[in-house]
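**Student:** If you're matching them up, the sequences are chains P and F in order.
Per full-length UniProt numbering: the first sequence = residues 1 to 338.
Per full-length UniProt numbering: the second sequence = residues 1 to 338.
No wet-lab data here; the hints were simulated from the structure.
Hints are supplied without guarantee of correctness; some may be wrong.
Same chains, same label: a pair holds when it works inside one copy or across any pair of copies.
Unchecked claim - Heads up, simulated SDA-like pairs for lysine to any residue below, C-alpha to C-alpha not over 20 angstroms straight-line:
1. K290 / A56
2. K206 / S195
3. K92 / S118
4. K92 / Q331
5. K92 / H103
6. K206 / T93
7. K62 / S118
8. K10 / Y104
9. K10 / L59
10. K290 / G57
11. K62 / P52
12. K39 / R239
13. K290 / A265
14. K290 / A222
15. K92 / E106
16. K39 / I269
17. K10 / A94
18. K62 / L4
19. K62 / L9
20. K40 / A88
21. K92 / L136
22. K40 / Q264
23. K92 / Y104
24. K92 / E110
25. K183 / E110
26. K92 / L117
There are 2 protein chains.
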Amino acid sequence: MRKLARATLKDVAELSGVSEISVSRVMRNTPNISSTLRKKVEQAAATLNYTPNRVAGALASKSTQLLAVIVPSMSNSVFPEVLDGIDAVLSKTAYRTVLGISHYDEQREEEIIQDLLSWNPSGIIVTGFEHTARSLDMLSRFPNPVIEIMDADGSPIDVSIGVSHQQAGILMADHLVGQGYRKIAYVGAEGERPSRSIKRRESFRKRLSELAVPLSCMQIEASDSSVLLGKQTCSDLLRKYPDTDAIYFDNDDLVVGAYMHCLQAGIDIPGQLALAGFNGLPFMDAMPMKITTIRTPRLEMGVAAAELFLARMETEKQAPAEGSKVVMPLQFILGETS
Amino acid sequence: MRKLARATLKDVAELSGVSEISVSRVMRNTPNISSTLRKKVEQAAATLNYTPNRVAGALASKSTQLLAVIVPSMSNSVFPEVLDGIDAVLSKTAYRTVLGISHYDEQREEEIIQDLLSWNPSGIIVTGFEHTARSLDMLSRFPNPVIEIMDADGSPIDVSIGVSHQQAGILMADHLVGQGYRKIAYVGAEGERPSRSIKRRESFRKRLSELAVPLSCMQIEASDSSVLLGKQTCSDLLRKYPDTDAIYFDNDDLVVGAYMHCLQAGIDIPGQLALAGFNGLPFMDAMPMKITTIRTPRLEMGVAAAELFLARMETEKQAPAEGSKVVMPLQFILGETS
DNA sequence: ATGAAAGCGCTAACAG
DNA sequence: CTGTTAGCGCTTTCAT
């Protein structure tokens, strides 16, 4: 297949005998265009197989219609779900997503922010409130919407949409103590780099202390959160601290792994050991036993973030002002494992 | 925080008393720059907080350094893993990923292709060989690398990297028949829109026939593949066809769900029923029983695709020619469930 | 090693 | 409703 140079506005203008700007107007569906003009242009565009060059358009109009999105990970299914939510909203518009993955590394995030901002995106969505000083600086200088997602415990640079991880920790502490557990352990992963995990764990621990049931032990694994890691860690932890009567896991994949361990090892749940997780991931409702967890609205956060962004773009709508913080609800799911 | 207009090359040039092009050269690290010039420019750039505008750069140089990536889904963890692989490679370079999600809809894919190509990306990665006629047309006209991933059964527009789904179907048919199963069922999902699923299923079915053990039944669910769906479908299928002695599932999440059902229902595996899946998803190694499946190299395909793309970009390296097809190996994982 | 001029392909602003 | 003119912020090409 011959690959010819792409047709430009000028080509279409010449072929249809009108000015470039008229072609531009037709392509952008600007109001007040005669149907004759439109017809001529559309035909010429079709025969030339014309596709507008968005790069040139973006430069001239100073608006890229790109939304930069930075998430920390792809292996925790939470973030693909958020991206799905964002895309579901953007796909109805001309906005596109430019992706960055920070791997829970603020330094790496800073590089990505710098790189993505050089594209002059129409907005940027970043994960969490914790960023390097330089990231913070770049983001606050950025003239377009900056949306921090996933968290609610912090002050947004511009606007934020998320859940309170501190509240999650408290809810779970109250629940476990209320159920009578007294030797409560906590298990985390990824070297606990996600700051939101730390918020949950710390408020969990603090609340336990307040309830006079201090955290009995805590195990933070270096590797990425996964079902297998949960299985291994549960086995480990029970060997070292056999009197543990409840474990709260940083993420649902861990608790599922732990559940698998207990199934295999013949550990009675919740009689011998209580189990609880976090996120309410999809596979949780397929387990033989309903597992206690706290559901986070991932898709919804993605959708809400994208919608907030669009609202900001359309001056007509009344968009949330700078500094506003949307706190989305957490859903406590009482399972049979605690 | 005051949001000042972004500094431009011109501003930096004026402040440092050199020409714009010199600033441009310093920013791009072009060879043959005196250290005095470099120092002056770098200092001016720093005080002005200058960040190059990549949109302008892309227009002038006719190269965006954007890689368009279109995947069908985010809820099947296979695709986030591919994206992770792509990002791992690109993150070391100046290339960025622009994302599109087609939801297994060729029509939607066509729209996304058109939209993304209007950005003049430096390359495009699409999933599979099946596209609308217009998509095919746009992709073959596209002057930059077009990489079709995930599949090996078809002819690439440009180049492809993937696994043979037909081979997967055959491997599993041979295995199950070899193990003595004679009432073999197949379960799929997503209305079987993924063409690769159809390839697996059809070659599975064909091979079974050749082995004189025709497929005993087949159940295709409309909803997205998930653990829960696998659990429900397994239960359903066994009710309708109680003499089934083996089920081959389109995806591992389904087989895990089925396994959960059997655990709960007290069905003996593999004595009463054999189970097998596809993909080798991470949670598979955490199950109490090792589940038979065929592992696909997802991360590796992403990495290979991104590397092939980069190789094509750097004229120095000898890049794979148009028409070349990379077939990646499938790994049969013999579990205890069959 | 550095600069001047021209232009990438489009749209804003202002006519008419 | 349509056209003219001037850029958007950068890089290419060609000088020097």
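**Student:** All the hints need checking, so say for each whether the structure fits it.
**Tutor:** Each hint tested on the structure:
For a Cα distance limit of 20 angstroms, the shortest separation of K290 from A56 qualifies neither inside one copy, at 54 angstroms, nor across copies, at 55 angstroms. In this assembly of identical chains, the alpha carbons of K206 and S195 lie at most 20 angstroms apart only when taken from the same copy (16 angstroms versus 52 angstroms across copies). Only between protomers do K92 and S118 lie at most 20 angstroms apart by alpha-carbon distance; the minimum there is 17 angstroms, versus 25 angstroms within a single protomer. Proximity of K92 and Q331 under a CA criterion of 20 angstroms is satisfied in neither setting, with 29 angstroms inside one chain copy and 39 angstroms between copies.
Taking the closest pair of Cα atoms, K92 and H103 come within 20 angstroms of each other only across two copies (14 angstroms); inside a single copy the shortest separation is 29 angstroms, beyond that limit. Taking the shortest Cα distances, K206 and T93 never come within 20 angstroms of each other, neither inside one copy (45 angstroms) nor across copies (44 angstroms). In this assembly of identical chains, K62 and S118 lie within 20 angstroms of each other by CA distance both inside one copy and across copies; the values are 13 angstroms within and 16 angstroms between. Taking the shortest Cα distances, K10 and Y104 never come within 20 angstroms of each other, neither inside one copy (47 angstroms) nor across copies (37 angstroms).
Taking identical chains as interchangeable, the C-alpha atoms of K10 and L59 lie at most 20 angstroms apart whether they share a chain (17 angstroms) or sit on different chains (16 angstroms). Within a single copy, K290 and G57 get their C-alpha atoms no closer than 53 angstroms, and across copies no closer than 55 angstroms, so neither meets the 20 angstroms cut-off. Taking the shortest Cα distances, K62 and P52 sit within 20 angstroms of each other both inside one copy (16 angstroms) and across copies (14 angstroms). In this assembly of identical chains, the alpha carbons of K39 and R239 never lie at most 20 angstroms apart, being 77 angstroms within a copy and 61 angstroms across copies at closest.
Proximity of K290 to A265 under the C-alpha cut-off of 20 angstroms is found in both arrangements, the shortest distances being 19 angstroms within a copy and 15 angstroms between copies. Taking CA atoms no more than 20 angstroms apart as the test, K290 paired with A222 passes in neither setting, with 28 angstroms inside one copy and 25 angstroms between copies. Taking the closest pair of Cα atoms, K92 and E106 come within 20 angstroms of each other only across two copies (16 angstroms); inside a single copy the shortest separation is 32 angstroms, beyond that limit. Taking the closest pair of Cα atoms, K39 and I269 never come within 20 angstroms of each other, the shortest separation being 71 angstroms inside a single copy and 67 angstroms across copies.
Within a single copy, K10 and A94 get their C-alpha atoms no closer than 23 angstroms, and across copies no closer than 31 angstroms, so neither meets the 20 angstroms cut-off. Taking identical chains as interchangeable, the C-alpha atoms of K62 and L4 lie at most 20 angstroms apart only when they sit on different chains, with a minimum of 15 angstroms there against 28 angstroms within one chain. Taking CA atoms no more than 20 angstroms apart as the test, K62 paired with L9 passes in both settings, with 18 angstroms inside one copy and 16 angstroms between copies. For the identical chains of this complex, K40 and A88 are neighbours neither inside a copy (35 angstroms) nor across copies (47 angstroms), given an alpha-carbon limit of 20 angstroms.
Proximity of K92 and L136 under a CA criterion of 20 angstroms is satisfied in neither setting, with 31 angstroms inside one chain copy and 23 angstroms between copies. Proximity of K40 and Q264 under a CA criterion of 20 angstroms is satisfied in neither setting, with 72 angstroms inside one chain copy and 68 angstroms between copies. Proximity of K92 to Y104 under the C-alpha cut-off of 20 angstroms is restricted to the inter-copy arrangement: shortest distance 16 angstroms between copies versus 30 angstroms within a copy. For a Cα distance limit of 20 angstroms, the shortest separation of K92 from E110 across copies, 14 angstroms, qualifies, whereas the shortest one inside one copy, 30 angstroms, does not.
Proximity of K183 to E110 under the C-alpha cut-off of 20 angstroms is found in neither arrangement, the shortest distances being 41 angstroms within a copy and 57 angstroms between copies. Taking the shortest alpha-carbon separations for K92 and L117, only the inter-copy value of 17 angstroms comes in at or below 20 angstroms, while the best intra-copy value is 23 angstroms.
When the structure is compared with the earlier hints, violations turn up for hints 1, 4, 6, 8, 10, 12, 14, 16, 17, 20, 21, 22 and 25 and for no others.
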